[in-house]
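Residue numbers (this note's numbering), protein chains in the order written: chain A, 1 to 575; chain B, 1 to 409.
Source of the hints: derived by calculation from the structure; they are not laboratory data. C-beta: ideal position from N, C-alpha, C; glycine also. Heads up, a few of these hints could be off.
To be verified - Where chain B lies over chain A, by a calculated footprint (3+ residues, C-beta under 8 Å):
1. 192-200
2. 250-258
What the hints assert, rightly or not - Anything over 12 Å on all C-beta distances counts as not near chain A; from chain B, calculated:
3. Asn-47
4. Pro-156
5. Glu-171
6. Thr-210
7. Val-221
8. Asn-252
9. Arg-277
10. Asp-280
11. Arg-308
12. Lys-328
13. Lys-340
14. Val-342
15. Lys-379
16. Glu-395
To be verified - Cut-off 30 Å, straight-line C-alpha distance, at most; resulting in silico cross-link-like pairs (DSS-like, lysine-lysine):
17. Lys-357(B) - Lys-57(A)
18. Lys-57(A) - Lys-218(B)
19. Lys-172(B) - Lys-123(A)
20. Lys-218(B) - Lys-40(A)
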Amino acid sequence: MSGHRNGSLDPKDEINNLIELERLREENETLAQQIKQLVKAESRLYTYQQELDAQLKEYKELYDLSGKLNTTFDIQSIFDYALEYIMHGLEYERAIFFLRDDTDDTKEYRVYTLDGYYDTDEKEKVSKIVINVRDPILNPCFDGCEHIIFNQENDNKELIALSDKILMSEYVIYSLGSHLQIPAILIAGNSFENAEFFQRVNESVDVLLGIGNLGELLSSAVSNHISFKMMEKALWQEKIAKAKYRGIFENASEGIIQLTPDGTFTSCNEAAADILGYPSPEKMPRQISEVASELQFGDKLTSRLLEGLRTGTDIKDLEFDFTKKNGNKHWVLFNTRTIYNGDEIASIDGIILDVSERNEAREALQRAHDELEIRVRERTDELAKANSLLMDEILERTRIEDKLRELSEIDPLTMVYNRRKFFELVTLEVAKCKRYERPLSLIMYDLDNFKKINDKLGHQAGDSVLKTTSGMVSAMIRKVDIFARYGGDEFILLCPETGLSGAHTLAKRIKGLTEKHNYLGSGKVTISVGVAELGAQDTVDTFIEKADKALYTAKKKGRNRVEVADADLDAEPAA
Amino acid sequence: MGTVAGVGYSTHRNPAVAGREAASKALKQAGIDVPDFVMVFATVGYNQQALIKSIREATSEAPLSGCSGEGVITHNTGDETNFGVSVMVIKSDDMRFEHEYIEDISQKSDMAGKDLADSIKPYLSSDNIACFIFADGLVFNSNPFMEAFEKTIEKPLPIFGGLAADNWASEKTYQYHNDMVFSEGISCVLMSGRGNVAWGINHGCVPVGTKRTITKSKDNVIYEFDGIPALTALRDYSDDDWETQWNKTSLNLCLGFKTPESFKEDYEDHIIRYMIRKDDSAGSVQIQSEVHDGDELWIVRRDKELIRNGMQQISRQIKSKIGSTKPKFIMHIECVGRGKVVFREHEKMDLISSLQKDMGEDIPWIGFYSFGEIGPIAKSNCFHNFTAVVVAVYEAESSEECLDTETAA
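Isolated chain B (complex conformation) (with noise of 0.2 Å):
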């Protein structure tokens, strides 16, 4: 049988029957009755714990793993609204999904990095290919839990996955276990056995203004930068509602590093980087990841061009590695701000579409719109935003192509 995945979808607004048809069309694309993996995406509209229970009624409990999205992406698919489940089914003889979670990880990044690597350690083989993590995006640092897990782990792993997200509420987000729905925590999947992972990421982002340096910071959050604070500069290039629409102006603008130079030549200049809040008071802005005096970073902007170049570049990084081999599936994380917040709904669906269509457009495509991505850049597992983080899975044709893997160090 090898693997066989599929993957369905739902609108409807009942999350009973959501889930069912969103489940339904999974097993039916996959041509399969019971799988041995489910993944799941939703929009936040939904009574999560509804949701889940009729997805896991549908897939015969099969172990499942996911999170909340802004939007859920699939087969021409990009839909952001309240009220969205996509629902991928896998089926395979060749790999092997084992899944965990850890919760309650705000202000415990580290001890979330670490808890979660010793939940995955017993599965950890000489034929892992790669880890999926969903993490509750409002309150994820990524440094010191990537330091803390791949420390944990001790051996190299690329991690893909992306923060969960609600619907720019800020409020809540949610992650999934096999029937429990939580927040503040870690949905973790780890695909193991005879396949292989091609990945392309792409931020599209483009720096306005000249370089500036951190001149107060502390952990993830930015003081000031160039002896004034974050927010003072960063009012100069929004509107007179800055301070009551925050969304809006963290939307439109973003804060871009220096790509390490590691792996500057895999990546473009800048990684970037979303302010997740700010304080009025103390003029800061806070990241999802961490900083230090001195850095220096750019005041980015998305660039529409740069994008859809950014998609094809992904294809093509992607195509480099398998070939003609046609993928299993692929898992597309893309984040909130490369969606309806900068295109038009004709131009967000033309460039999923043509990435699909470059792709292939009979493959298992399943995503969602995050409030951060994760995916390795040369050998670096790396936080992202304002990113796309695409993923192809797909079927070693061989033991050693099984071990040629790009991998973190």
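Okay, chain A solo, but in the shape it has when bound (with noise of 0.2 Å):
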């Protein structure tokens, strides 16, 4: 500015120094603004900075819990991992994780780990819950929704229910893995005292972008496990399945051998190189035309195996023969299948059973199936002859037997029955007819005289006239009469079914018909007839005995006569 003349202030330097002041002023508020606009500036910067800080710690934590999780395929630690991120990483208060179990086909989902519950009442409690698959609150994740959120502003009554159980008056549900599937649920949020110092759940930018690169890392992870234990469980059951085949492989009697098409082994085992008489599987030769060489297979079999290999041709229980180095015969079974890899041929497995010993026995048996053929027709003969012996044996003694039988029954002089023989049929019909109450009558005589026909013409006329008389009789009854010599000149004839008057009529018949016979060299000959009538009460004794006394009677009363035993019929007069 300009300066004071003679003491006092120039009136242009004044107004000068007015502008200046002015264009100071000016100046001063311009900067004074600008200072007001870079402290603005500044306070925004201070906000974008905590903002940008909080993102990069929580993507840092996410890189960090995403180097892990492709560290491990084990569920457990996957869950461990995403909880620290949860807690640490997200802030907030509690996270639960649901499991689904599909091992047994639970349709539930089970509390699998937790964090943030510090009571152990209150975790124990939370631990228990149990989701039901079929859980209407689940109902939006199945659709595709990835979250479900619930906070104070919500009013679904499920959501509000499962609030009280998993203590949390704010959360949000994340599925995880495929929403057809969902083989996890995770559940995180606050609890209503402890809310204010931990990440709000809303549905702001932040916390949806927060909560869902977890969830898709996490759901990356679980499907990773879940891929793992399938391909786990694959590898074991290969294992199983390799060490299975090993062991059978290995331990089996029959020889297994694979074969590429041309021919090749590509594996053999111990009994299969010891069927074909090698060592061991490494001193096969490596070709199967070189082992049908040395062991003779012939040129037709060779061909036959090799064109089935080459083709694919199944082989089916091909029998044959070769000759081991050792110059043993021996006969094999051999089967093979082919293996294919699409269209082309990728192996061909063979089966080769040695049955050398079997057809051995088979001829062993046969032979000896001959033999038994031969010994049994031998032996078949031989039975003939012996049965044929035996029955003629057999016809004899039956022959024999019956005349000793009817030795033991037969009066040898008349062929009638023998007083032993008359009394067991005696007593048969006796009570055969006192059961059925038939009629029962008995005729007993004797020859008048016979003594002095044996002292006058001697014995053997005396036989004859007892033969010519028992003859007679025997002529004239039936069948069913039992005629008997009851002892020297007396006879029985016992006439069932016949009662008193009829057995009268045939002793009269009897009698007369003896004394009309013209007995050669003895002349005349009469008897004595007592007939009775089996009573009711009589016994075999007593029945006898009354025709014993009619006949007695009748030899009193003069003889050549009949008496009856019962008074009532007409008996003769006296002579």
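Both chains are sitting in their own frames, so use the hints and assemble them into the complex.
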């Protein structure tokens, strides 16, 4: 500014000073405004910084989490890492992982792990929560919705009920894995008392982004875990199968081989080498054609085998013999099965069974069978002969037995029953007639003055008379009548189904016939006859006694007469 | 044995686990089983009672003091999350730690000062080293408290400490005394014996705009400066959401008052005051010390570069006192306005780590982010905002050295 002149300010200078002052004031004001803007900008900068740092921290921790998740397929580890991130990265108070266990077709989600519950009772209570797969709460998840948010502004009853169970006044449900299956569920949130100290649950971009990033990462990890488990299971099953196969392969008594279509062995077990006569699989030739040559399969067989391998035609039950190196002949049964990889032949599996023993056994069996047949035939002939002899013997014996029986029952002179047999028969007849109340009569006769005949004409003549008389009676009686020589010249005739009258008539006929017959050399012969009928009270003895008494009466009354035991009948007058 | 100390830290969400973990680590670092004294700073996400209970159990019920902070500070750590706890354990043949507390200080800061001073009077002796106080930052008024306190104890005694904070909710802070957890109170520790303190204090704030003059005020409430309502003047420096985002606004701007001549040499040009509360209807703001009409003030802002330089200055201040002596432990009270609200996370960690490296990396280090800081400037006990107060406690080599402490008049 201009200075003073002579102790006072020049008016021009004063004006300049005022202008300058005004300019400075304006400049000052501009600066002040700029400073105010800078301060405001600085304030905004600090705000953005905080947000940026918070985001960076979250992303760094998410990155670290991603790194950890990539190192494991173990579900417990996955969830543990996730819990750490949820608590310290996303800064929620509590988190629960539910897992669906598909090993037994359960339809529930059960708590697998949780954090943020420091009261033992609370933790235990929450640990037992089960969510049914069909719970309406989960419907949005199965419809493809990634998350469900609940806070104080929500009035959904089911979500409120869940809120009470999990002890969170605000929470987000996130489904993990494919929405078709949803193998796991995450619920993260805060309790009413402590919510102000944690990340609040709402629909803000930050919250959704945070939980969304985690959810994506976890879904992938959970899917990987499931795939890994399936792969582990498959590998384990494959291992078991391989071990089983290896066990079968190595320990089988059957020969197992694998070949390429050109006949190269890719594997061969001990049994196969042994059957073919090689000390070990390693000592076997590489090509089946070489084996065929060494063991003299023959050109035809060799060609058939090679053709089968080349074309992939399975060989079924091909039995053939070959000669081992030791010169012994062996029989094998060979089967193949072709394995395809698409349209190409991958390999051919072959089974070699040593059937030499079987064949030998079969031959031996056949021989034994033939021998047996011969022996059987011979034996059969022998038996037939023996049987024939036996039959003859049996017939002879039967004849003899009949004869003996006859002799034991028949009077040899008259050929009628003897006394012993009569008693046997009369006992039966009496019993039968008494039971069935049938008439039964008895005729007893003896030859009059027989002793005189014997004395006069000799025993031979006497025998002749006895024979003739009994012969005549035998001829006139029925088959059912029982005629026996009672003793000496006494004869007895039992007449079933014959009453006293009928017996009397028969008795008279017998007497008449005897009387009329001309006995050569003996003259006239008469008989005395007694007739009796079986009474209701009679026994055999009394029955015979009655007839005997009637005979006696006939004898007393002069012989040559018939007397009946009961007096009703017309007895002949006394002679 | 001398004096051994150890600091442990935990961010476990379970208060029982966190307390036990931090205490165990502290005991392990100190190499002791049973401490003589325990200091605890923790953030407010925890169930405070459960936290203190577990610390007490882990430290064999040793005497305990401390408070809640917006964050906790320890070695290579400046944790401003809702779940952080740092525990320091001390065992000493040379030093004693007596502790007291008072409750219900709201609107009664002068009475609080007198009552607290009365409670520690029995422990006053010639070998008192320093007094640490941790007061509820939502209700504390420094001037009446300090006046009453100093008047009652009747002896010069350097006072260090900080105002308990919460997580910006401004709802509740906590103070700890043995098993007790309370609010609207003060927890106090009197350190005595063969020991000494060296400290550094710096704020790193710079004025924006010209000097203002308070034209209407009452106690610690400023209604107008330069004839216009305080809030109106501040509006120009704030975004449109300033009314609803007062926390953000009041962080970015604070008020600077001319440093008294008596300690201007040992300090920066301005003492900083944080505007803890506003009244929209009255257009007023409230700070944590008393003002009068005619007081000059500046609207100030934090400057990152100045803050970094200030930390180096703190290191120099301490080292100039202790030389090569290694401190037994260091307490670090940092304003909430110097943490994540101004620095990127890595910048903040660099700030803390640089200071710790400067001082010595293996020194037990404990602190918290507070709503206000207390530390002497020259011979006067002062209240600060947007400031770092770093106190190094070391063993005196002689009894003379014990007495050779810059104490408040």
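Here's how the hints hold up against the structure:
no., hint, result
1, 192-200, "holds (count 4)"
2, 250-258, "violated (count 0)"
3, Asn-47, "violated, 8 Å"
4, Pro-156, "holds, 40 Å"
5, Glu-171, "violated, 8 Å"
6, Thr-210, "violated, 8 Å"
7, Val-221, "holds, 23 Å"
8, Asn-252, "violated, 4 Å"
9, Arg-277, "holds, 19 Å"
10, Asp-280, "holds, 19 Å"
11, Arg-308, "holds, 16 Å"
12, Lys-328, "holds, 33 Å"
13, Lys-340, "violated, 6 Å"
14, Val-342, "violated, 6 Å"
15, Lys-379, "holds, 35 Å"
16, Glu-395, "holds, 39 Å"
17, Lys-357(B) - Lys-57(A), "holds, 25 Å"
18, Lys-57(A) - Lys-218(B), "violated, 44 Å"
19, Lys-172(B) - Lys-123(A), "holds, 28 Å"
20, Lys-218(B) - Lys-40(A), "holds, 29 Å"
In this structure, the hints that do not hold are numbers 2, 3, 5, 6, 8, 13, 14, 18, in rising order.
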